[in-house]
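**Student:** Position chains B and C against the provided structure of chain A, taking the given hints into account.
Those protein sequences? They're chains A, B and C, same order as listed. Per the working numbering, residue 1 is the first one in the first sequence, and the count goes up by one each step. Per the working numbering, residue 1 is the first one in the second sequence, and the count goes up by one each step. Per the working numbering, residue 1 is the first one in the third sequence, and the count goes up by one each step.
Worth flagging that the hints you see were computed from the coordinates, not collected in a lab. One or more of the hints may lead you astray.
[Said to hold, decoys possible] In silico BS3-like links for lysine-lysine, alpha-carbon gap of 30 angstroms or less:
id : chain 1 : residue 1 : chain 2 : residue 2
1  : A       : 505       : A       : 494
2  : A       : 476       : A       : 55
3  : A       : 55        : A       : 505
4  : C       : 345       : B       : 88
5  : C       : 476       : B       : 57
6  : A       : 377       : A       : 484
7  : A       : 204       : A       : 55
8  : C       : 61        : B       : 57
9  : A       : 165       : B       : 102
10 : A       : 484       : A       : 55
11 : A       : 55        : A       : 165
12 : C       : 476       : C       : 61
13 : A       : 204       : A       : 484
14 : A       : 476       : A       : 494
15 : C       : 61        : B       : 102
These numbers come from a predicted model, not from an experiment.
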Amino acid sequence: MDQHLLSIILFTPLAGLAVLLFIPGSSKNVIRIWANVVAFAGFLVSLPLATRFDKGASGFQFVERAEWIPSLGVQYLIGVDGISMLLIMLTTVFGFIAALSSWNAVEERVKEYYAMFMLLQTGMIGVFLALDFFLFYVFWELVLVPMYFIIGVWGGPRKLYAAIKFFLYTLAGSVLMLLGILALYFQYHAQFGAYTFEIANLMKVVLEPGMERWVFWAFFVGFAIKVPMFPFHTWLPDAHVEAPTAGSVILAAVLLKMGTYGFLRFSLPLLPRASNDVEIVRILAILSIVGIIYGALVCLMQKDWKKLIAYSSVSHLGFCTLGIFALNPNGIAGSVLQQINHGISTGMLFLVIGVMYERRHTREISEYGGIAHVMPKYAIVFAIAMLSSAGLPLLNGFVGEFTILQGAFEANRVWAAFAVSGVILGAAYLLWLYQRVMLGQVTNGKNLRLPDLSAREMAVFLPLIAWALWIGVYPKPYFDILEKPVQQLVERVKPGYYQGQAALKAGVR
Amino acid sequence: MMTGVPLSWYLILSVVLFSLGVAGFLFRRNIITIFMSIELMLNAVNLSFVSFSYELKSVNGHLYTLFVMVVAAAEAAVGLAIILTVFKNRGTLNVDELNSLKN
Amino acid sequence: MSVDDAIRFLPELILILAATLIMVCDPLTSTHRKSTLAVLAFVALLAALAATAYSSTDPGKAFFGMIVVDGFATFFRAIVIVVGLLTVLSSNRFLEREGANSGEFYALLLFSISGQSMMAASNELIILFIGLEISSIASYVMAGFLRDDSRANESALKYFLLGSFASAFLLYGIALVYGVTGATNLSDIGSRMQPDSLLGGVAAALMFVGFGFKISGAPFQMWAPDVYQGAPTPVTAFLSAGPKAAAFAVFVRVFTVAFGNIGDRWEPLIWISALLSMTIGNFAALGQTNVKRMLAYSSIAHAGYVLVAITARSESGVAAVMFYLGAYALMNVGAFTVVGHISRKGERYLRVEDLSGLGVRQPLTAAMFSIFLLSFIGVPLTAGFFGKFYIFKAALQSDLIWLTVLGLLNSAVAAYYYLRVLVVMYMQEPGEAVNEVEPLSPALRLSLICSAAGTLILGIFPSGALHFAVKSAVLK
Numbered sequence: 001m002d003q004h005l006l007s008i009i010l011f012t013p014l015a016g017l018a019v020l021l022f023i024p025g026s027s028k029n030v031i032r033i034w035a036n037v038v039a040f041a042g043f044l045v046s047l048p049l050a051t052r053f054d055k056g057a058s059g060f061q062f063v064e065r066a067e068w069i070p071s072l073g074v075q076y077l078i079g080v081d082g083i084s085m086l087l088i089m090l091t092t093v094f095g096f097i098a099a100l101s102s103w104n105a106v107e108e109r110v111k112e113y114y115a116m117f118m119l120l121q122t123g124m125i126g127v128f129l130a131l132d133f134f135l136f137y138v139f140w141e142l143v144l145v146p147m148y149f150i151i152g153v154w155g156g157p158r159k160l161y162a163a164i165k166f167f168l169y170t171l172a173g174s175v176l177m178l179l180g181i182l183a184l185y186f187q188y189h190a191q192f193g194a195y196t197f198e199i200a201n202l203m204k205v206v207l208e209p210g211m212e213r214w215v216f217w218a219f220f221v222g223f224a225i226k227v228p229m230f231p232f233h234t235w236l237p238d239a240h241v242e243a244p245t246a247g248s249v250i251l252a253a254v255l256l257k258m259g260t261y262g263f264l265r266f267s268l269p270l271l272p273r274a275s276n277d278v279e280i281v282r283i284l285a286i287l288s289i290v291g292i293i294y295g296a297l298v299c300l301m302q303k304d305w306k307k308l309i310a311y312s313s314v315s316h317l318g319f320c321t322l323g324i325f326a327l328n329p330n331g332i333a334g335s336v337l338q339q340i341n342h343g344i345s346t347g348m349l350f351l352v353i354g355v356m357y358e359r360r361h362t363r364e365i366s367e368y369g370g371i372a373h374v375m376p377k378y379a380i381v382f383a384i385a386m387l388s389s390a391g392l393p394l395l396n397g398f399v400g401e402f403t404i405l406q407g408a409f410e411a412n413r414v415w416a417a418f419a420v421s422g423v424i425l426g427a428a429y430l431l432w433l434y435q436r437v438m439l440g441q442v443t444n445g446k447n448l449r450l451p452d453l454s455a456r457e458m459a460v461f462l463p464l465i466a467w468a469l470w471i472g473v474y475p476k477p478y479f480d481i482l483e484k485p486v487q488q489l490v491e492r493v494k495p496g497y498y499q500g501q502a503a504l505k506a507g508v509r
Numbered sequence: 001m002m003t004g005v006p007l008s009w010y011l012i013l014s015v016v017l018f019s020l021g022v023a024g025f026l027f028r029r030n031i032i033t034i035f036m037s038i039e040l041m042l043n044a045v046n047l048s049f050v051s052f053s054y055e056l057k058s059v060n061g062h063l064y065t066l067f068v069m070v071v072a073a074a075e076a077a078v079g080l081a082i083i084l085t086v087f088k089n090r091g092t093l094n095v096d097e098l099n100s101l102k103n
Numbered sequence: 001m002s003v004d005d006a007i008r009f010l011p012e013l014i015l016i017l018a019a020t021l022i023m024v025c026d027p028l029t030s031t032h033r034k035s036t037l038a039v040l041a042f043v044a045l046l047a048a049l050a051a052t053a054y055s056s057t058d059p060g061k062a063f064f065g066m067i068v069v070d071g072f073a074t075f076f077r078a079i080v081i082v083v084g085l086l087t088v089l090s091s092n093r094f095l096e097r098e099g100a101n102s103g104e105f106y107a108l109l110l111f112s113i114s115g116q117s118m119m120a121a122s123n124e125l126i127i128l129f130i131g132l133e134i135s136s137i138a139s140y141v142m143a144g145f146l147r148d149d150s151r152a153n154e155s156a157l158k159y160f161l162l163g164s165f166a167s168a169f170l171l172y173g174i175a176l177v178y179g180v181t182g183a184t185n186l187s188d189i190g191s192r193m194q195p196d197s198l199l200g201g202v203a204a205a206l207m208f209v210g211f212g213f214k215i216s217g218a219p220f221q222m223w224a225p226d227v228y229q230g231a232p233t234p235v236t237a238f239l240s241a242g243p244k245a246a247a248f249a250v251f252v253r254v255f256t257v258a259f260g261n262i263g264d265r266w267e268p269l270i271w272i273s274a275l276l277s278m279t280i281g282n283f284a285a286l287g288q289t290n291v292k293r294m295l296a297y298s299s300i301a302h303a304g305y306v307l308v309a310i311t312a313r314s315e316s317g318v319a320a321v322m323f324y325l326g327a328y329a330l331m332n333v334g335a336f337t338v339v340g341h342i343s344r345k346g347e348r349y350l351r352v353e354d355l356s357g358l359g360v361r362q363p364l365t366a367a368m369f370s371i372f373l374l375s376f377i378g379v380p381l382t383a384g385f386f387g388k389f390y391i392f393k394a395a396l397q398s399d400l401i402w403l404t405v406l407g408l409l410n411s412a413v414a415a416y417y418y419l420r421v422l423v424v425m426y427m428q429e430p431g432e433a434v435n436e437v438e439p440l441s442p443a444l445r446l447s448l449i450c451s452a453a454g455t456l457i458l459g460i461f462p463s464g465a466l467h468f469a470v471k472s473a474v475l476k
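So that you can see chain A by itself, here it is in the shape it has in the complex:
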């Protein structure tokens, strides 16, 4: 089954969807059970990926290849390396968490709700698996549709606005990206006389520098909107605030990573010279830093709990893009790890909000206060999520941020200095949030009789907490997995980097 492992992972949710269509919409509990079974199965089938993954091998593993549209050179070509393997694990874990957490949250059109989640799951896994640019684009666009419906149908009061904004922003970005893809495609044909979208082939294309920069910006728009990088972030707070809890969780944990993943899988390897262009790197680093600090400052001013976490994503993903464009092993490995971390911690934070929202139906921070007295278990979970997001040592966030800062420091000390201020601001708004919501006396009478976390809710949080601790205490396996692909990336963008480093060390000695 090894040779079809990835296809199985990819199509398990879709198979679940096919069965779901035959369950009558009125038997809601059957649908819920089935959705959870499918999501858990999706996680189980992805486990062999982690256990059988060969850390030492360079290049892609579990590759599957089939013709799709021969006349266009489009293939069904999927495979994983360390980066995509980790992101797929993140996706399958959160697929299950999202399904489990929606048990009570959704009462209307349950069947359609889970159907959309299953479709979304296939789309996201496909994005991370695709090694054919066209196939990637197909999945990339496909993800839009279910997410649009999830926000638009099951979202909050301003859901229509948020859903359309989400869709249009991403679509506008991706059509420009398509232009860049086609430019590469034609260049390949001009240079090698064949049509292909296979990434490994497209890497052979040598573009003239001006053209390469154009293509880079075309990709950039597509990916930066998805990440979202400042100043393309404005869709994110709306989408997050209006989406239902599970939608926000998936959005934060997985969907945003599609953008950073795009940089790593496409921009850097396909356009190495543009990615290493001093001007471009400077612009991207500045945008990342502005994102980090601006996001954090906006967080300090939020009255809405969910919006605060949404903006914190802008800040945290600024770290991820900064790490990528530090263009050294620490920066990139840290960035990937931080993507996982952001998924875990922000995912948890959105779940925390969701739990409270189900009880009180408000997200105004001022409505709360002293919740720790009423819901002690909840207080602990929230504290762990918050601290992991803030980057406390021994929790996951610290490892990622620290590695990124190391990378940034190596690339440019000023960047690192600014980014550190983002870490401090991050701790500030998160701690302040915790203080306002959880500590002190209960001032609002409605909060007096809130039930604490149920067993199902604990089941949602426990795996995430365990994961956060694992990365925080013993991150070595992750760095091992990332070592090879990161090395390849750095060598691709900065040829001779490792030799230079070795020479430097030798010289110091």
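**Tutor:** Frame of chain A, contents of chains B and C only:
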């Protein structure tokens, strides 16, 4: 019989007639007049066909004229029927008053 | 007339004979049994489709080169006949509802399709003109088929006046071509046309005006919203797919075969028209509240995309035109069919809001409408995506970079108004219009499922159709 009258004169006449037809179509408000303007345009084209045919010494142009006349007749039959139903329902033949279709 | 000639003209012969037969049977059929005539029309269309397939096995010219059966002709014949099949399926129930079911309608439909089929296969300007007129005259009547509905009257009148106006331009262009080259056969014109011929350029421009009207490309698009809005919805579906596809077919054939060597002269015209059509269509559609009118503007925009492919002036451009029109015909007929179903007797419910809550009341209808809308937007795994992809690929191949950029941005703008329909269908409470809507009749259901399945199949496995289009795009 046609010696002395160069081809370009016929063509110019055809252009003039066609332009008159276009102008009538654009500026007249009565549906019947508009319809007659279209017929004028078709006949201007017929004139071109016939004169080209004469010039090229090929009979095809004459045949095409016959085809066009048949088509024009069919168009007239259908067109007048449509105009009639419009008049029956609306009681007017002024195109400016036919504006019920909008957003 | 040799046997070969007859076989290559068989689809048209079948359609014309069947139409005549229906006309004869119509007075003999009692009012409540008119559906039999619909069945007859359906069978005739199936036979014509089979004849199309059969005649394509032995491609070649007929009637002294006036008719040509090649892959291109076969492709478009198939499109217009399939559009006809879907129209018969969706119009029967509609006409019953409006109390206007009669054999006349099906006869007109078959005549119109025979004209379009003739256009698809024409290799000669006069045959082309006659095909166009057969198609148009029949469709003028169809647009005004509901005689007592003043909207339909107005629609028919406008369609008739502007259609004949356009025909006159086209005909003038033909006359000039005849004068310049002494020929009306496309291949002959192509070989005799001088690249620097002034009158040749004028002729191309005049014919472009004529075709521009027929395909509702800007700046000749102004009739389309009124006509599409006023005509009975199944007729609108038909008008926006069948005649349009056929007009594009002859447009492409004439401009590639006959005017191929004056391409540099007409390319700027079409470039501008493509951009105008996309922009005007999409931006005007943003503000529409009437669904039919919105789809009319959207069809102007889609004509713009197809014009982009024609501007490319290449074989892959022609292939893109073919694929796109095939995809477009399916999704457009499907979308209008849904609209006709929801509008109810007298077509009262045509606003976008009237669709609200359709997702709850009729999930199947809404799901299929969503497929069509997503395909209009160009979301992957739908036919619309590959259509657009193929068009822009062809345009880039011909170095039309700016047109491609503007086209792609346009398609992102367009997403907004399609999404609005999705929003009301799924995200708003059911309104009065949707609450009492009748269930889908079996014929309607079949029609919708066929178009939706076609849209998805062309989107997921486009290889077959693409291959055929590429193979057939060589026009001589």
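**Student:** Look at each hint and say if it fits the structure.
**Tutor:** Hint by hint, here is what the structure shows:
{"no.": "1", "hint": "505/A <-> 494/A", "result": "holds, 18 angstroms"}
{"no.": "2", "hint": "476/A <-> 55/A", "result": "holds, 12 angstroms"}
{"no.": "3", "hint": "55/A <-> 505/A", "result": "holds, 26 angstroms"}
{"no.": "4", "hint": "345/C <-> 88/B", "result": "holds, 22 angstroms"}
{"no.": "5", "hint": "476/C <-> 57/B", "result": "holds, 27 angstroms"}
{"no.": "6", "hint": "377/A <-> 484/A", "result": "violated, 41 angstroms"}
{"no.": "7", "hint": "204/A <-> 55/A", "result": "holds, 25 angstroms"}
{"no.": "8", "hint": "61/C <-> 57/B", "result": "holds, 26 angstroms"}
{"no.": "9", "hint": "165/A <-> 102/B", "result": "holds, 29 angstroms"}
{"no.": "10", "hint": "484/A <-> 55/A", "result": "holds, 7 angstroms"}
{"no.": "11", "hint": "55/A <-> 165/A", "result": "violated, 40 angstroms"}
{"no.": "12", "hint": "476/C <-> 61/C", "result": "holds, 12 angstroms"}
{"no.": "13", "hint": "204/A <-> 484/A", "result": "holds, 20 angstroms"}
{"no.": "14", "hint": "476/A <-> 494/A", "result": "holds, 25 angstroms"}
{"no.": "15", "hint": "61/C <-> 102/B", "result": "violated, 46 angstroms"}
The structure does not agree with the numbered hints 6, 11 and 15 stated previously, though it agrees with the rest.
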